[in-house]
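> Starting from the known structure of chain R, fit chain H onto it as the hints suggest.
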Amino acid sequence: MRRVYLDNSATTPIDPRVVEAMLPYLTEKFGNASSVHFYGQEARVALDRARREVAALINARPNELVFLSGGTEANNLAIRGIADAAVEHGRHIITSQIEHSAVRGVCDALEKRGWEVTRLPVYSDGIVRLEDVRAALRPDTVLITVMLANNEIGTIQPVAEIGALVREERERGRKYLWLHTDAVQAAGRMPVDVETLGCDLLSLSAHKLHAPKGAGALYVRRSVRLTPQSIGGHQERERRAGTESVPLLVAFGKAAALAREELSERIEHLTRLRDQFELGVEARVADIVFNGDRGRRLPHLSNISFRFIEGEGLLINLDMQGVAVSTGSACSSGSLEPSPVIRAIGRDDELARGSIRFSLGKDTTAEDIAYVLEVLPRAVENLRRLSPLYAKVSSSRLQVSS
Amino acid sequence: MPYSETFKDHLAHPRNGGELPDADASAELTNPACGDRLRLTLRIRDGRITAARFLAYGCPPTLACGSALTEMLEGIATGEAARITRQQLTKFLDGLPARKSHAAALAIETLHEALRTIESPPDSER
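Protein chains in written order, with the numbering used here: chain R, 1 to 402; chain H, 1 to 126.
No wet-lab data here; the hints were simulated from the structure. Watch out, some of these pointers could steer you wrong.
So, partial list: chain H residues that the calculated Cβ filter (under 10 Å) puts toward chain R [what the hints assert, rightly or not]:
{"#": "1", "residue": "28"}
{"#": "2", "residue": "37"}
{"#": "3", "residue": "59"}
From the derived model, a few chain R residues whose C-beta atoms are all more than 12 Å from chain H [to be verified]:
{"#": "4", "residue": "2"}
{"#": "5", "residue": "92"}
{"#": "6", "residue": "102"}
{"#": "7", "residue": "108"}
{"#": "8", "residue": "227"}
{"#": "9", "residue": "234"}
{"#": "10", "residue": "268"}
{"#": "11", "residue": "289"}
{"#": "12", "residue": "296"}
{"#": "13", "residue": "319"}
{"#": "14", "residue": "338"}
{"#": "15", "residue": "340"}
{"#": "16", "residue": "366"}
{"#": "17", "residue": "368"}
{"#": "18", "residue": "385"}
Values in this document were obtained by computation on a predicted structure and should not be read as measured data. Glycine included, every Cβ here is placed at the ideal spot set by N, Cα and C.
The shape of chain R in the complex, shown without the other chains (with noise of 0.2 Å):
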């Protein structure tokens, strides 16, 4: 049975340039980067070399980033460092009701603790719009913060825009706003320069990027203050206590080098099987929603909702035969609720429960897609043909042609 893995936005296939350049840090160059003698110098030396790599990709010095283990705790870096440094200057957060869970789940922890927090609606094309942005900053707005590009949907906000708002403010003489965005889905997809987005705050993650799962990055603008989160050692230049996990960071920074190389090749290649995998879906299978701008979105990203059916079983059906995805439904979440960015965009319950997510990668093929394109409109005609709810429509469309 041929298999195929379409959920690259939950992680990606380590590429094996990565693994093996990772693999001396791993065997035999297993210093600690803080050590002085010539083991340690070794890490640091390659540690340097990968910090250059990840920074090249986003327009950053390399003394900008904070390496940590992942894009979670970088998101808790930015938000929780910037709230306790700022503290003193305001206690009002801008986000957006689309964010990856662990800048939602800061924003409430904040919240409970007597912050104020706006969450950004996103209309029907899953977009923040800049009017908002500005209705919402007070004088006590401390921050703001809005992903590059959504998780599920693909959609990309306009954080330039945001940027650029954010410094008119300051030419106004307002010293405490500071701009973060969660970068994790954007970068490799799509062109990433800090100097562009002008944010202050970046969140990166390795595994997103065909590297390891356990390391991240957090951009930090040079001027801008964080209170570390992780404390207790010297490393990362105090603001981010930890023995560095040389192997993972070096895996991270070969794969961001990849990812700048072939960033324009991997665009195309995307785009182009992301399409074709659309045209191939509205052909064969009725009753469908696309969820999400299909114009401004990452590449390699389709949300789709069937209608009638359930997406957990849309899920396992695919397993089944091979095909890997993921859902918006709640029963696969664990939590009662469908997705809030599928509900975001104004679908309602049943087409947020209906949605599959397909994420395509660097090495999907044209093969892989026309394998799936046999198998969807099968699995989705099984479950129609078991569903209340489509058999009540069928009957009324019947009625309706008779």
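Just chain H now, with coordinates in the frame of chain R:
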């Protein structure tokens, strides 16, 4: 996936999917918490269930419970049907993940509701 082989078999090859025209007993219930829905239709002759069909919308356990329940119901007396428990249904599927027991509950409740719609009272077990 955290499901038994029997469970997966019911998903891959659901038994008795569909609807009986002119059913002798029928019910459709929705779990208000998560929106799962099950429709059961039964044909009854001489106090026995001679055919059972299900339609289901919702997470995989809902479908699997519908399929398994209709398999358990074929040929049995309505009195016996009324006594099938969630535990028996779950066992028939070789287990359900802990937080999915609502699917078995929905199936049994739908069954009871369907049995209530029979015009004559269910035969008692001999």
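> If a hint holds in the structure, say so; if it doesn't, say that too.
Outcome of the hint check:
1. 28: Hint holds; residue 28 of chain H Cβ to chain R Cβ min 6 Å, cut 10 Å.
2. 37: Status holds, d = 6 Å.
3. 59: 4 Å, holds
4. 2: 17 Å, holds
5. 92: Correct as stated: the minimum Cβ-Cβ distance to chain H is 35 Å, above 12 Å.
6. 102: 23 Å, holds
7. 108: Non-interface label on residue 108 of chain R holds, nearest chain H Cβ at 22 Å vs cutoff 12 Å.
8. 227: Given that every Cβ of chain H is farther than 12 Å from that of residue 227 of chain R, nearest at about 38 Å, it holds.
9. 234: Non-interface label stands for residue 234 of chain R: nearest chain H Cβ at 44 Å, farther than 12 Å.
10. 268: 35 Å, holds
11. 289: 17 Å, holds
12. 296: 31 Å, holds
13. 319: 7 Å, violated
14. 338: Non-interface label on residue 338 of chain R violated, nearest chain H Cβ at 8 Å vs cutoff 12 Å.
15. 340: Nearest chain H Cβ is 15 Å from residue 340 of chain R, so the label holds.
16. 366: Holds, because the least Cβ-Cβ distance between residue 366 of chain R and chain H comes to about 28 Å, which exceeds 12 Å.
17. 368: Consistent with the label, residue 368 of chain R stays out of reach of chain H, its closest Cβ about 21 Å off (over 12 Å).
18. 385: 6 Å, violated
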